[in-house]
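Student: Sequence:
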Amino acid sequence: MRRPGRLLRVLFVAACVSPVPILSGQTTVGLHGGLTRATFSDLDATVEQDAQSGIRFGVSATVPVSGSLGLRFAGSYVQAGGGFALPIFDFGPSVRAGLNLDYFRLSALARAALPMESSSVAVYFLAGPFAGFRTACSTWIAEEGVSISADCNEADVELSGTTDFGISGGAGVEVGVSDGMGVALEALYDLGLKDLEGAKTRVFSIMAGLVFSL
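Residues 1 to 214, numbered by the numbering used here, are exactly what the sequence shown covers, in order.
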């Protein structure tokens, strides 16, 4: 988890020494990747949850609309899910279980950039809907360092369909590093709105990436 902090310092230094303008006002494509922390929302308040770490990566295209406003369309592989305690089985507090849910997500997010004095830096906000298509599902149970996992079908875990949908929001910073290319660091929060048999997905992501003008 130290890499985002180190990259942020690199971006700050690049912004101070680089006169290269950012790519705002242009159609761009981006490659992004990073880490996720996933839990479930709408669970019973008495359930003790564990956040699960995962990865996220994908591609995006941003189309300018007017001024500092644009639309970003993205396709991403996202690892969601979460863990929780199993007090109902009376095995003791060390017993944990959880679900690993992998999705291919499509999103259409509004992008609004703040006015900045430096032409090489852009700070922006993202918000909009997403739709996800589940590509993998597995369940696990662990006690005293021993973990057993199985495919959801093998474990008879039934979820309502293989799709998910919800809303995303976040913020990022982009720094121009050469003519036609920039680097970006952003944080994104995805809140699922579809009920998956008593729970909804919730994913927080920290990502870094490269942005290219077309």
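Source of the hints: derived by calculation from the structure; they are not laboratory data.
Some hints could be false.
Okay, the calculated beta carbon distance ranges per label pair [said to hold, decoys possible]:
id: 1; residue 1: Ala-112; residue 2: Ser-178; range: 21 to 31 Å
id: 2; residue 1: Ala-127; residue 2: Leu-210; range: 20 to 30 Å
id: 3; residue 1: Leu-210; residue 2: Val-65; range: 14 to 24 Å
id: 4; residue 1: Tyr-189; residue 2: Phe-73; range: 33 to 43 Å
id: 5; residue 1: Ser-178; residue 2: Ile-148; range: 43 to 53 Å
id: 6; residue 1: Leu-214; residue 2: Leu-193; range: 54 to 64 Å
With a Cα cut of at most 25 Å, we get these calculated SDA-like pairs of lysine to any residue [to be verified]:
id: 7; residue 1: Lys-200; residue 2: Ser-119
id: 8; residue 1: Lys-200; residue 2: Asp-179
id: 9; residue 1: Lys-200; residue 2: Val-63
id: 10; residue 1: Lys-200; residue 2: Phe-84
id: 11; residue 1: Lys-200; residue 2: Phe-57
id: 12; residue 1: Lys-200; residue 2: Gly-75
id: 13; residue 1: Lys-200; residue 2: Glu-144
id: 14; residue 1: Lys-194; residue 2: Phe-133
id: 15; residue 1: Lys-194; residue 2: Gln-49
id: 16; residue 1: Lys-194; residue 2: Cys-137
id: 17; residue 1: Lys-200; residue 2: Ala-51
id: 18; residue 1: Lys-194; residue 2: Thr-162
id: 19; residue 1: Lys-200; residue 2: Glu-117
id: 20; residue 1: Lys-194; residue 2: Ala-108
id: 21; residue 1: Lys-200; residue 2: Gly-180
id: 22; residue 1: Lys-194; residue 2: Thr-135
id: 23; residue 1: Lys-194; residue 2: Met-116
id: 24; residue 1: Lys-200; residue 2: Ala-136
id: 25; residue 1: Lys-200; residue 2: Val-95
id: 26; residue 1: Lys-200; residue 2: Phe-104
id: 27; residue 1: Lys-200; residue 2: Leu-35
id: 28; residue 1: Lys-194; residue 2: Gly-145
id: 29; residue 1: Lys-200; residue 2: Met-116
id: 30; residue 1: Lys-200; residue 2: Ser-120
id: 31; residue 1: Lys-200; residue 2: Glu-158
id: 32; residue 1: Lys-200; residue 2: Val-173
id: 33; residue 1: Lys-200; residue 2: Val-123
id: 34; residue 1: Lys-194; residue 2: Ser-147
id: 35; residue 1: Lys-194; residue 2: Glu-143
id: 36; residue 1: Lys-200; residue 2: Ala-113
id: 37; residue 1: Lys-194; residue 2: Val-123
id: 38; residue 1: Lys-194; residue 2: Gly-67
id: 39; residue 1: Lys-194; residue 2: Phe-104
All C-beta atoms, glycine included, are put in the ideal place defined by N, C-alpha and C.
Student: Verify the proposed pairing of Lys-200 with Ala-113, using a straight-line Cα cut of 25 Å.
Tutor: 30 Å, violated
Student: Are the Cα atoms of Lys-200 and Glu-117 separated by 25 Å or less?
Tutor: 41 Å, violated
Student: Measure nothing beyond the straight line between the CA atoms of Lys-194 and Val-123; if it is 25 Å or shorter, mark the hint as holding.
Tutor: 31 Å, violated
Student: Would you mind confirming whether the straight-line C-alpha gap from Lys-194 to Thr-135 stays at or under 25 Å?
Tutor: Holds: Lys-194 and Thr-135 sit about 16 Å apart, inside 25 Å.
Student: Given the hint that Lys-194 pairs with Glu-143, test it: the Cα-Cα distance must not exceed 25 Å.
Tutor: Violated, at about 30 Å.
Student: With the threshold set at 25 Å, check whether the alpha-carbon distance from Lys-200 to Gly-75 stays at or below it.
Tutor: OK: Lys-200 and Gly-75 at ~20 Å, within 25 Å.
Student: Against the 25 Å threshold, does the CA-CA distance of Lys-200 and Ala-51 hold or violate the hint?
Tutor: Holds. Lys-200 to Ala-51 sits at ~14 Å (cutoff 25 Å).
Student: Need the status of pair Lys-194, Ser-147: alpha-carbon distance at most 25 Å?
Tutor: 29 Å, violated
Student: Take the C-alpha atoms of Lys-194 and Gly-145, compute the straight-line distance between them, and say whether it is at most 25 Å.
Tutor: 33 Å, violated
Student: Are the Cα positions of Lys-200 and Val-63 separated by 25 Å at most?
Tutor: Answer violated: Lys-200 to Val-63 is near 31 Å, above 25 Å.
Student: Is the distance from the Cβ of Leu-214 to the Cβ of Leu-193 consistent with 54 to 64 Å?
Tutor: Given about 33 Å between the Cβ atoms, the range is violated.
Student: Run the distance test for Lys-200 versus Asp-179: straight-line Cα separation, threshold 25 Å.
Tutor: 42 Å, violated
Hint compliance for this structure: hints 4, 6, 7, 8, 9, 13, 19, 21, 23, 28, 29, 30, 32, 33, 34, 35, 36, 37, 38 are broken, all remaining hints hold.
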